[in-house]
Amino acid sequence: MTQSNRISGGQIDRGQTLRFTFDGQGFTGHPGDTLASALLANGVRLMGRSFKYHRPRGPLTAGSEEPNALVELRSGARREPNTRATVAELFDGLEATSQNRWPSLRFDAMAVNDRLSSFFAAGFYYKTFMWPRSFWEKLYEPIIRRAAGLGSVSREEDPDLYDKGFLHCDLLVIGAGPAGLMAALTAGRAGARVILADEDFRMGGRLNAETFTIGQVAGADWAAGVVTELATMPNVRLMPRTTVIGAFDHGIHGAVERLGDHLAEPAAGKPRQILWRIYARRSVLAGGATERPIAFENNDRPGIMLAGAMRAYANRWAVTAGQRVAVFTNNDDGLRTAADLRAKGVDLVEVIDSRKGDMIVDSRGRLGLKSVTVQDSKGQRRDITVDALAVSGGWNPNVNLYSHHRARPVWDDTIVAFVPGADGPPGLTVAGAAAGVLSTHGALRTGRDAAIAALGLTGAAPDLPEAEDATPRITPLWHVPQGKGRAWIDQQNDVTVKDVKLAAQENFISVEHLKRYTTLGMATDQGKTGNVLGLAVMAELTGRSIPQTGTTIYRPPYTPVAMGTLAGRSRGAEFKPVRMTPSHHWAREQCAVFVEVGNWLRTQWVPKDGETEWRQSVDREVLATRRSVGICDVTTLGKIDIQGTDAGAFLDRVYANTFSTLKVGKCRYGLMLREDGLVYDDGTTARLAEHEYVMTTTTANAVGVFRHLEFCRQCLWPDMDVQLISTTEAWAQFSVAGPNARNLLEKIVDQDISDAAFPYMGAGNVTVCGGLRARLFRISFSGELAFEIAVPTRYGDALLREMLARGAEYDPVVYGTEALGVMRVEKGHVAGGELNGQSTALNMGLGKMVSQKKDSIGRVLSTREGLTDPEGYRLVGVRPVDPAARLTAGSHFLDIGAAAVAANDAGWLTSKVYSPHIGSDIALGYLKAGAGRIGQRMRAVNLLAGQDTEVEIVSPHFFDPEGERLRG
Amino acid sequence: MAEILQAMTALGAHGPARVAVGPLSITERVDLALASVAERRGRGADLVGAASPAGLPLPGPARYQAGTPFGTFWVAPGMWFAEAPFASHEWIADQLRAALGDAASITEQTDAWVIFDLVVVGEGVGLASLLERLCNVDFPAAPDGFATRTVMDHLGIYLIRQGAGAARIYGPRSSAQSLLHALEAAARAVW
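So the protein lines, in turn, are chains W and P. When we follow our numbering, the leftmost residue of the first sequence carries the number 1, and every step to the right adds one. When we follow our numbering, the leftmost residue of the second sequence carries the number 1001, and every step to the right adds one.
Everything labelled a hint here was simulated from the structure, so no lab data went into it. Beta carbons are placed, not taken as given, at the ideal position from N, Cα and C, and that holds for glycine. Each statement offered as a hint is correct.
Derived list of chain W stretches under chain P, where covered just means 3 residues or more per stretch with a C-beta under 8 Å from a C-beta of chain P:
#1 267-280
#2 577-585
#3 767-780
#4 785-795
One-sided and incomplete, this derived list gives chain W residues near chain P with beta-carbon spacing under 7 Å:
#5 163
#6 165
#7 166
#8 168
#9 641
#10 643
#11 723
#12 725
#13 729
#14 799
Here are some chain W residues pointing at chain P (derived, C-beta under 8 Å):
#15 161
#16 167
#17 730
#18 798
Same shape as in the complex, but just chain P (with noise of 0.2 Å):
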């Protein structure tokens, strides 16, 4: 669909931002869509029954799953957040409840929250460091798709464990700029 306004992103831009600071890079995404799906009491098999076709998986608590064309982290019980291409999903929360009917509650959330990809580029160099000094997440000892409710610079977020030099942030969108900053200003003092 052609843009029927231009869109802004959560730092005020219309682009993407790509911070460097030593090996991190910090890099925007703005183009993913994101939905929340709960369950509807009761209604687990069906949801399960239904989730596979759609191509969504749903992990168990404290981790993601990649899928087609949804990726999948728990948030809750019963709850998950299904991430998908923003080009192909804006839409997201009707495609999912097509694809799932009423046995699941689905809510867009694509525009509640800005995220991060932390990247850290050298052997044995890690996010360790960088996010010892921002969350309480003992990251070197969480597996690969670990994905956890957590503070930063005082917000909550969701981190999702893509390696050790590799992680996915989703803060609230409002206060992207603060929790930006953050990260920039710890991996100043790390870097």
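One chain only, chain W, in its complex shape (with noise of 0.2 Å):
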């Protein structure tokens, strides 16, 4: 098909000849094209179908505010549905397909919803669909979203990547129209450092769209010469293709700078957007307006378009929107349409002029406009043959990024439309069209000033040079009053001024209700061209005025955003980083199994060769262990250096129990409350020198703990002398626990580690393998004889190898968390499952830890009533009373014979492993009274897992109760 609708004139490269496919028919345009111009220069109007009445659409803008023609571009994986074709950039090889039609864009069998559109006025679906309840959601829901609704994911895996970054500067300018222009050229001269973004690919705005003269030059060459001279200041960065989509707190602002949308495909490993964080000092909105329709019936057919961007198809995209054009207008601005077409030879067949008294109240054409009906002011009606409509309503200024933090627009009577008001962020202003100044020399003028005032500029500034200074003229004109039939507010929702009278004769007359009501104002445009519309027609029915009818919220973004741009980085593989413990690549190479703890990859168990099951690894690893010695890195554990001449009376106020009369060379287990009384981690401390601790945590609150210590350090005690650093990374540290442990670590440890010499709960520095430095403590979490070494984190794997090659002869065995949580659940050591955040030290049996000879975090309400009650949860072991009955955790203590009702509910396991020494599950588990309820029968009860077992309470130390193996 031939480029049948261009003109002359125009900012399109002609030298160059682009082709594109719509619905698989191939078109052709040039660069500088939006797929909207290129389709329109090829004749098509038709774009699309509308969300709820599946009419045909063209396009009604030549911007992002675009509410109809919308299509997925691409196809594959790249495929983009709701894509504005109005803003999307023109390549070589474009594919688009239009959406929500079936079977085609001209016949769309869904179209006769718009025959039944009595049926489906505003709150149909609620008042219709109310019985059977149970089909709304199975039923009429599917259904409905099915008939209605916009483009479809590809539902493949997004093939592009997306960055994140950071920038800052004292003047963020937003939007490179007259304003903005004024705004950066102000800026950049007195040397500030400044960003200007805009969202089209040209810089210039309206400027690129109109024919008015700024001192002697176009109005577009103004604005490229402007953006070279910026171009050329290194303090200047120019952001085109860049929306800024939100102003946050503190002058921080999201921008989302497109790269690669222009083109087929980003380049390889280049970011297809980018999402930036902006910090500005200052900033300026100069982000335009918006032109609004005039609702009159039948006002959205394909070929009716707003003035202004009829105008900019014709002036920047050398584009006329129909061989027979009329406009239709209640402002002078539409005027300027007229002249514009007919200084480029188009045909401009009439001027319907509201303010005159004539009105249009009524379209023809199917599938693209044929003819209006005008009626003039003694009410004579004529039919007129035209293809195409201008119409304009007036402008609203785009208030979007100003109303963010909840500030109010104002209403200006003489442009009728809101304006900012005083409220807006701290640190923006508001210049040009954005802030309800129309004219040209207005936007030069406002820009140049708003960047002076926000960096309190008092040099020289750039001269204003001479611009259209028009005033105005408008006579409110929303909807045509005469005709039955439907007219459009909010095409892109399909809500006519007969929902916006339904919802008032409903009550439904706040704004925010009169938006969750009919819809006006939702989905991918936001309301951009009708909502101004909606509120002024809600406004006339109920007598008010607009003011006091007021705006809906505005909330960011301003123009839909990509998920794959809120995502960045992180997704997939590299959702987070990964944290790889010393022995990481030692297991590596053994095909161990690694489990995600926090970022952290543990060793969860180490396959040998034969062994097809999980559970055959982890029973030989706990066996092998408890019968001669095991490894394994517990590096994730935090360790906390606590230093200073009140570091023991720090601890003695963090714990619960005392370490300020702790040894030097011992160590102590540590039990860690809240401020509520409940347990918040536990582990051991050693003491190191006199001032020198190093507290161990849990892998979990690591951090968590380091956080509380910090508070505590500094807001609740900054009179201690204290000093903390973290430095878990900082050691590799392993233990080594079995009857054999002592004999494996003494071909390691340089000095003497008998048990004489090093009793139980001893702590030290040590060195190993002749001298190198290393850590010791004689601490056991599988009831074993056992100790942990630490060496610098760089000689771990080293040490990991001799250990076992040194201590070959007891045929050493590497265990991973799973064994690890085997051995603790048979010796009753509390874990993740026990410190649950809701429970006490003596719901754990260690009630007695926390001192009453010293006041500690959390002692207080510890003794609280409703923790102290004796008949409270105890910790429990349990065992199935047939051994090869399974257990599950969670599942909850049910007296036998009693109801599985949550009346009778007396207790939950909390943690459950395989025992390979008992030969059966076994349990740990909170139970009420639980420490009277030793040796009795329960039922261990899980309905989710179908499981009703007979189980026995005993005590939580299965396994060597008396400890007299860690001892050894």
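Assemble the dimeric complex from its two separately framed chains, guided by the hints.
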């Protein structure tokens, strides 16, 4: 098809031809075109179907406010629905497909909805599909969603990259029209760091769409000249194709830069888009204004578009929207379209100016405009044959970003629109059309003044070039009262004047109710063309003024943002960084199975040849450790270095038990409570010197405990002499456990570690392998004779290999977190399942650890009545009566014969493992009055797993209850 | 001292990593020892008195200061990180303790961190275009010797500006691979 509607002039590069397809049909355009301008140039007006009634639609606008011309761009995994054809930059090979139609755009079976429109008025679903209730979710809603909708997603993984970034500037200028360019020029010449962002690929704003001159040159040329000058300034960053999507706190703005959307696909390794966080000392909003339509019967046909858009297509893109064109306006700006089109040689049939009492009352043309019906001031009607109609109902300043902090715009009667008030985001000023200053001269002036004021500039500012300074003249006309049919207000959501009337009639007169009841202003365009029109109609219907009726809340983002852009790099395997333990590389060599613990990858178990099932590996690791010796990487436990002359007193306050009395060279198990008396964390803390302790925390709470201690140090007790620093990553730490633990370590540690020299709970600095500095702790989580040995992290891998090599005669096993868990449950030690944030020391059987001889965080509140109930939960051990029966963590305790209802619930299983020593599942649990129920039989019931197992309540210490092994 | 156990770098190798992307080179530094120096309460004057003869600068907030043998940067009120050549200062904590006595709390930090030196060659290129994709530091506006705590790829790091085209990064050692990947990926997106 030829570009039959292409006219002279424009800012397109006719020297190059770009090929593209729409619904499979091939077309051509030029660099500088949008998809919409190129389609219009080729005589294609029908670009989409409406949301609800599947009405044929063409572009209403030439910008990001477009409600109608939504298409699916690209194909395969890169297919993107709901792309506005009006801002999609044309590239060679572009593929576009219409959406929300079946089987084709020209013949859409769902257009039957339009015939049934009386059934689809606002609130129809809610009133109609009420019965039976269960049908809503299962039947009605899916059908409605299928019938009414926008585009569809590809359901494939997005193949593109997305970056995030951070920028800083003295002045962020949002919008590069005359006001924004002048603000950037003023600030840039003054040496300020400026960012100028514009959503368009060509800076200049309306200057590119108008025929005005600035000074002696065309406006578009003046804009290009300013952009050229700004580009030479090292202190100015020009960001075309960048939409500032939100104004957030403290001068922070969100912006989406589209680096690859105008290419067939982004360059390899390069992001498609970048989500920028811009830190601006000051900002100038120069985002322009959006034209609004006038509602009249059948005002939504392809070929009917906003007057400013039609002018933009003619002037910027050298496209006429039709061969016979009329203009319908209530203001002088609409007359500019008539003048410009006429100057371009377009057949301008008639100007219908509502201020003279003339109205358009109807239109015809199934898939595109064929004629309109005009009614003059005397009531005479006549049809005129046109294939395009330009409509102007006035201009609404784009106050969105100004209102992102909930500032309410104020009504300006002179331009008949909302304009920014005085309570916008701190540091943000508004200039140009966005401020309601609609002349070019006014835009230049307010842009310059905004920059001067924002930065407190005192030097010479750029001269203001000569430019048109017309006073806007408008007589409001929101909707043409004549006509019984539907007059569209919000074309994207198919909201008509009738819908607003219905809402008013049913007392949904608040703008927020109006929005929810009719869907006015929802979806991708967020009502940029329809909102003010809708609330003006509501104001008329309710006899209130427009400002009294008010606006809905403006929220970010200003225009739709792809989900991938919000995710950035944090997706898939890169969702979060990984932490690797010192033994990670050794474990990988052994084909170990890893488990995520926060960001850590810990060894879960290390399968040996022939082991096909995880339990085989775990049972072997447990048995081997208890038989001889096992090694486990415990680096992930938090380590906090606590120094200072008050370190002991500090620990006494943060731990429930006492540490100031701990002797140098010893360590102790500590229990940390929260302010509310519940247990926060546990671990061992060693005293390495008079004023030096090293605390260990659980892996999960390593960061939290450190933060808590810093809070205590800095905020609660700033007078204490305490210094803290995390050393979690500085030391590779291994647990060496089992009857041969000492024998193995004697081959590694240079000092005497006999029971006499290094007794149970001993701790201190040692050297290993002939002089390497190390730390040794004689502590045990497994219940075995055990040590934890630490060396600087870089030596961790070598130490592990050295221990395995030197201790080979003891057949050492490396065990993972599963075996660790089995052994701690066998020993009755609490861990994550018990340290659940809801439990007290008393619940855990550790009540005596809360020292009453000193004060500590949580001590007082741990004595609350509700927490000290003697019949409350106590930690117990659990075994199935039938050793072959399976237990499940989370199962609830019930008495034999009791109904499985909440009233009979006596507690729950917190942790469950299979004990190869006992030969059955074993578990820990919290049982009401549990200490007195040892030996009793109950049931462990899990309704989700369908389990009801008879169990015996036993001591939580399944293995070596007297602790003889660990003291060995 | 002869190496008793063979050291492994944070990236699981036996030598430092070197990566080049466009004009950027990323060099892992395994030849630096590091310790924290935290002033004991009320002992500021004693610390200052002992630090100078020990060759330990104590710069103000957000600053790195080179010295011999210690280069130091401020990390918190009354707290610094001191770096020195690993070959001569593997026992950096003991060495500092000996010099500073009980005026400060010293903690070895050498292996808590992975260190990357970022250098961009070429006039006017600089590191700003890379770092703006990684952290919210206003690198172009920062002076040389600027030292700050920031976040890259969800990881808390220290960033020291050594010039418009040079910076040192201290990142958590266990996440060295993730951090290097983030640096490389960002660099490939820029260059």
